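These protein sequence lines map, in sequence, to chains A and B. So for the first sequence, numbering that gives the first Met the number 0 puts the first residue at 0; every next one is plus one. So for the second sequence, numbering that gives the first Met the number 0 puts the first residue at 0; every next one is plus one.
Among the hints, a few may not be true.
One copy or two, it doesn't matter: identical chains are merged, so the pair holds either way.
To be verified - In silico lysine to aspartate or glutamate, EDC-like type, Cα no more than 20 Å apart, as pairs: (1) 132 <-> 148; (2) 132 <-> 241; (3) 52 <-> 16; (4) 132 <-> 222; (5) 52 <-> 18.
Please keep in mind that the hints were generated in silico from the structure rather than gathered at the bench. The structure displayed is predicted, hence computed values, not measured ones.
There are 2 protein chains.
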Amino acid sequence: MIGARGWLRVVGLGPGDPDWLLPEARRSIQDDLIGGQARHGSDNRVELDRAAKALDLAAEGHRVAVISSGDPGVFAMAAAVLEAQFAAGAPSAWAAVDVQVVPGVTAALATAARAGAPLGHDFCVVSLSDNLKPWSIIERRVRAAMEADLALALYNPVSRHRPTQLATAFDLIRQHRAPTTPIVLGRDVGRPAEQVTVVPLGDVDLSVCDMRTVIIVGSSTTEVHQGVTGTPKVLTPRTYPDS
Amino acid sequence: MIGARGWLRVVGLGPGDPDWLLPEARRSIQDDLIGGQARHGSDNRVELDRAAKALDLAAEGHRVAVISSGDPGVFAMAAAVLEAQFAAGAPSAWAAVDVQVVPGVTAALATAARAGAPLGHDFCVVSLSDNLKPWSIIERRVRAAMEADLALALYNPVSRHRPTQLATAFDLIRQHRAPTTPIVLGRDVGRPAEQVTVVPLGDVDLSVCDMRTVIIVGSSTTEVHQGVTGTPKVLTPRTYPDS
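Chain A with its partners taken away, still in its complex shape (with noise of 0.2 Å):
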């Protein structure tokens, strides 16, 4: 739909579950149902493409919505977007166009809520690909979380193309953390397959995870109970230690 002036909302469509859809984001996509929609699909993979293709539309006069799964704010098209408004420079078409974010329940989040409060505490949440960024700096990042004792969640665990660097993460992991340290995998929470498995360090196997599979790694102080329904509760304690 063609507005006296465009707009690109970028909407947090959460995990799935529509019970999980924020209003304002059901809301964002049904406004663009409304009169004139046009549908411009395209592959996950080719996020920049996605965003230049968006702000041409809403440098245009219309109104845009790019559809993110989980909340846009985190790993997600958001960035996307603005890195490619950011990168045309304030000159330019692109630069006119306002930028809203409408955000979602991120994945890490989704499976913490079904594990308990394994991110009760301080945490720390980082993607495993390396496609933009050496794997230096994600195994600093790794290291870093376990040697300041934070829960850790890990984002994009292993594709085809990076099928060694999970099992590199977590012998790094290992390194720092005892083997009865509560390890969550949550994989496709929030929709119908949704499998949430708690495992000790020691006994997890990580030929199991994919790429829709977010990893939560337990602090020294994590705990685990057998809750009344099937998957153990899973928390992380505001008190720490004095040492």
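With the hints as your guide, set chain B onto chain A.
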């Protein structure tokens, strides 16, 4: 309301705007409003007392919703409830209570959405409150985030009883980050009094921060561009330079 078997839901309200309240959370609260609902008010500072009261009621067979602003899984009531339940141990009435967590939008991600994508890449989340943990572990975690060049979100930056620690944390931050590093201050984001300020580290005025402020500290790659509307846009890009 008394069911055949009690349960306890810890429900996230998000930042306050009903547009940012998940349908599951809204329904959880409405369920409790239907028939025989009783409100048990309590002070936010006595979280363990609230948790104990809620577990007592659920153990008696009531359906209990513990309301928590933001995401209950992040520095909030999910951890408090599980701490109380875990501490009571297995052969107790509390152990039989099924505790479920309904997530919400946490303050750091609400603030990030308003500012663009400052947490669009790897980041760390730390509470500066040393009510329940020693200051030494807080300092260690802030330093780790700086050394690993992570963006950093700070909760509970200051209180009447802790007037100087934010300045101490920023002394540490200034040792590792350039004066041009973007700082985002979000206060009451998602409420009518919302304020989002973007300022370079060299110019930040910490005296405007209080317990309702969330602070996001950029990494070395975080950029700022003047947006179309008032507040500048902040981006931590997904791309990291090869070292």
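Structure-based check of each hint:
1. 132 <-> 148: For residue 132 and residue 148, the Cα distance is within 20 Å only across copies (13 Å; inside one copy 24 Å).
2. 132 <-> 241: between (36 Å within a copy, 7 Å between copies)
3. 52 <-> 16: neither (27 Å within a copy, 31 Å between copies)
4. 132 <-> 222: between (33 Å within a copy, 17 Å between copies)
5. 52 <-> 18: Neither: 30 Å inside a chain and 28 Å across chains, both beyond 20 Å.
Hints 3, 5, counting from the list given before, are not met by this structure.
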